[in-house]
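Listed in order, the protein sequences are those of chains A and B.
Per the working numbering, the first sequence starts with residue 1, numbered consecutively.
Per the working numbering, the second sequence starts with residue 255, numbered consecutively.
None of these hints come from the bench; they were simulated from the model.
There may be inaccurate statements among the hints.
[Claimed, not checked] Simulated crosslink set (BS3-like; lysine-lysine; CA at most 30 Å straight-line):
hint	chain 1	residue 1	chain 2	residue 2
1	A	Lys112	B	Lys724
2	A	Lys110	B	Lys634
3	A	Lys127	B	Lys724
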Amino acid sequence: MSLLEVKNLHASVNGNEILHGINLTVNIGEVHAIMGPNGSGKSTLAGVLAGREAYIVTEGQVLYQGKDLLEMDPEERAREGLFLAFQYPVEIPGVNNSYFLKAALNAIRKHKGLEELDAIDFLSLLKQKTKLVDMNESFLNRPVNEGFSGGEKKRNEIFHMAVLEPKLSILDETDSGLDIDALKTVSEGVNKLRSKENATIIVTHYQRLLNYIVPDFVHVLVDGIIVKSGGKDLAIKLEELGYDWVREETVHAV
Amino acid sequence: MNTETNAIEQFADQEYKYGFVTDIEADSTPAGLNENIIRFISAKKQEPEWLLEWRLKSYRHWLKMEEPRWPNVKYPPIDYQAIVYYSAPKRKTELKDISEVDPELLRTYEKLGIPLREQEWLAGVAVDAVFDSVSVATTFKEKLRELGIIFCSFSEAVREHPDLVRKYLGSVVPANDNYFAALNSAVFSDGSFCFIPKGVRCPMELSTYFRINAADTGQFERTLIVAEEGAQVSYLEGCTAPMRDKNQLHAAVVELVALDNARIKYSTVQNWYPGDKEGRGGIYNFVTKRGKCAGVNSKISWTQVETGSAITWKYPSVLLIGDNSVGEFYSVAVVNNYQQADTGTKMTHIGKNTKSTIVSKGISAGHGQNSYRGLVEMKKNATNSRNYSQCDSLLLGDKCGAHTFPYIEVKNTSSKAEHEATTSKIGEDQIFYCKQRGLSTEDAVNMIVNGFCREVFHELPMEFAVEAQKLLGVSLEGSVG
Ligand SMILES: Nc1ncnc2c1ncn2[C@@H]1O[C@H](COP(=O)(O)OP(=O)(O)O)[C@@H](O)[C@H]1O
Ligand SMILES: [Mg+2]
Numbered sequence: 001m002s003l004l005e006v007k008n009l010h011a012s013v014n015g016n017e018i019l020h021g022i023n024l025t026v027n028i029g030e031v032h033a034i035m036g037p038n039g040s041g042k043s044t045l046a047g048v049l050a051g052r053e054a055y056i057v058t059e060g061q062v063l064y065q066g067k068d069l070l071e072m073d074p075e076e077r078a079r080e081g082l083f084l085a086f087q088y089p090v091e092i093p094g095v096n097n098s099y100f101l102k103a104a105l106n107a108i109r110k111h112k113g114l115e116e117l118d119a120i121d122f123l124s125l126l127k128q129k130t131k132l133v134d135m136n137e138s139f140l141n142r143p144v145n146e147g148f149s150g151g152e153k154k155r156n157e158i159f160h161m162a163v164l165e166p167k168l169s170i171l172d173e174t175d176s177g178l179d180i181d182a183l184k185t186v187s188e189g190v191n192k193l194r195s196k197e198n199a200t201i202i203v204t205h206y207q208r209l210l211n212y213i214v215p216d217f218v219h220v221l222v223d224g225i226i227v228k229s230g231g232k233d234l235a236i237k238l239e240e241l242g243y244d245w246v247r248e249e250t251v252h253a254v
Numbered sequence: 255m256n257t258e259t260n261a262i263e264q265f266a267d268q269e270y271k272y273g274f275v276t277d278i279e280a281d282s283t284p285a286g287l288n289e290n291i292i293r294f295i296s297a298k299k300q301e302p303e304w305l306l307e308w309r310l311k312s313y314r315h316w317l318k319m320e321e322p323r324w325p326n327v328k329y330p331p332i333d334y335q336a337i338v339y340y341s342a343p344k345r346k347t348e349l350k351d352i353s354e355v356d357p358e359l360l361r362t363y364e365k366l367g368i369p370l371r372e373q374e375w376l377a378g379v380a381v382d383a384v385f386d387s388v389s390v391a392t393t394f395k396e397k398l399r400e401l402g403i404i405f406c407s408f409s410e411a412v413r414e415h416p417d418l419v420r421k422y423l424g425s426v427v428p429a430n431d432n433y434f435a436a437l438n439s440a441v442f443s444d445g446s447f448c449f450i451p452k453g454v455r456c457p458m459e460l461s462t463y464f465r466i467n468a469a470d471t472g473q474f475e476r477t478l479i480v481a482e483e484g485a486q487v488s489y490l491e492g493c494t495a496p497m498r499d500k501n502q503l504h505a506a507v508v509e510l511v512a513l514d515n516a517r518i519k520y521s522t523v524q525n526w527y528p529g530d531k532e533g534r535g536g537i538y539n540f541v542t543k544r545g546k547c548a549g550v551n552s553k554i555s556w557t558q559v560e561t562g563s564a565i566t567w568k569y570p571s572v573l574l575i576g577d578n579s580v581g582e583f584y585s586v587a588v589v590n591n592y593q594q595a596d597t598g599t600k601m602t603h604i605g606k607n608t609k610s611t612i613v614s615k616g617i618s619a620g621h622g623q624n625s626y627r628g629l630v631e632m633k634k635n636a637t638n639s640r641n642y643s644q645c646d647s648l649l650l651g652d653k654c655g656a657h658t659f660p661y662i663e664v665k666n667t668s669s670k671a672e673h674e675a676t677t678s679k680i681g682e683d684q685i686f687y688c689k690q691r692g693l694s695t696e697d698a699v700n701m702i703v704n705g706f707c708r709e710v711f712h713e714l715p716m717e718f719a720v721e722a723q724k725l726l727g728v729s730l731e732g733s734v735g
């Protein structure tokens, strides 16, 4: 059974269809990259999978661990191990980052039938995870994302991922806003989290992240449809030839 | 969680032991108000002549006054002749056991984490046995007495310490201060009196909640707290458990007096019955609270968490008379369904180098209307004075409202007042972000709202803060779909 199966997914926002029939299969242990120019629908796809209400699915099906994902509330998806690293992480003023994560982790653990972590165990877990993404511990006691720089927010997203240990992570443009050093550490963190027990979808319009997190599969999304899929070499070819190349190819193919 | 439950339990157990038990005589006046009614009240309480005169004078003032119309709240006219102004303190309706209690109410108690015994008491179940461990002379009361601290019901203070009461009663809120204060001065039922003598720091938080009979002090509560030179006290009023009362109008007066170098911290959690989802019923809470920083370097802080009442009309204020005195006001006011709140503060700078801080957090949900009204006044001689005001409003939904009416009057050139205000809507994005991390909508709203109020909760005594956070969640339940 695949971890995620997206079949002929159509979705619209405010009555405009953005996704025109996406097919995608992700197996456990795999890393997929979805590349595509700005406005091609990458974040829409990520949002539909995470359950953002503004997106209306008009056709198609999504199975997650064999279950109908689209039937599930966003929080249920999260508790079932689906994680979205936001392209634009949200600020929650006055709510301490570690307090927030503790509530989140315990909600997930409760769902799994595990005991809630107490303050001491949780703190030692947090400290261990800060090292993974090389995050300063001072960020634990700051309000979630408030006053964080763009790069700090992105790093914090991966930190959340490290703490919550999801099954399927969707990283939406995690590289944007990161300088080259930060990109390296964050990528290293993601690589360390990569295992036979989970899978990752990396969404990006930019190839450079894929130098650090090497995907098993690359899909090219243009105008709401996956026009090409291949191995990691596809990303390199895209970098050289640009999206016009795939666009032309598809046109010829039609 | 457990420690705090234990703390409450402990306090609740202690409470009865302090012996704040008033005479229980079943008796009441007919509805309506006239001088005879006032004489009756005063006689019933065996008050001295001067106090009767004071009440009568207040009543005569009140007759000449008009109910204020300026607050941004709407309600049908109050028939003052339909109110019963004196009924002997009685326990609330006695139910035989907890199964007779409204399950809705019990569910709320559960959510607030109130221990079962206490739930029973709050709901009016006959549980006297629980509290009836008549070891009246407790270490607590002894300890306060040793320190010279007086903490008792207002009636008891009138009997036992008439000179102190006479000296300070009405010294901060004059009987003719405003319509509701005048009414209170004429007919006040009972309340608390607290006196901290020179140089004494009260070693524990003083609380009305922990006096069983406090629930019966009625509609016209009167509180007076005096901290002499160098004295310090932290006082807690109210409780997070929903309080039901058949009396619709509540008009309390609270007076605080701080002499040289004294500090008074007054924290309130107000959760009176707010009315139902359609706005029927609910308490009108028209309160006058004022503190007087009479001495140099004195400090008075008001912290309030207001979630209850159908209508709240309340401006805890500070008169900064002593040089270098400090006034603070930290407030969270929540309105949901059809609740209305017009609340804020008045900081009157009279002495030199006086400072005031105002932090107001208004939360509106449902059809609730929330107004902040504040006056910062710096008199001519209040040189080098400072005020900082911050008023933030948070809207949940689009049928509610937030309004701010800040007034600033600076009458000298060396003083400064700074005012900041923000209004924000609880964001779909914020809620989605929380849900994406596994939190329920309810927990998400709770978390965002509590984050918004953090600066105020920070000012509350620890166990009160934890309760207040839960209370906020309960008050806003179901306000975001
Ligand atoms: N809430 C929205 N309302 C209207 N249009 C939207 C909304 N969200 C996305 N879109 C449109 O959908 C298209 C795809 O957007 P998006 O998924 O964010 O692209 P990408 O992430 O690939 O840059 C764009 O044309 C964008 O303008
Ligand atoms: Mg995007």
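For the pair supplied as a hint, lysine 112 of chain A and lysine 724 of chain B, confirm whether the alpha-carbon distance does not exceed 30 Å. holds, 25 Å
Proposed proximity, lysine 724 of chain B with lysine 127 of chain A (alpha carbon, max 30 Å): Holds, because 28 Å separates the two Cα atoms, which is no more than 30 Å.
Do the alpha carbons of lysine 110 of chain A and lysine 634 of chain B lie within 30 Å of each other, as the hint requires? violated, 61 Å
Checked against the numbered hints given earlier, this structure breaks only hint 2.
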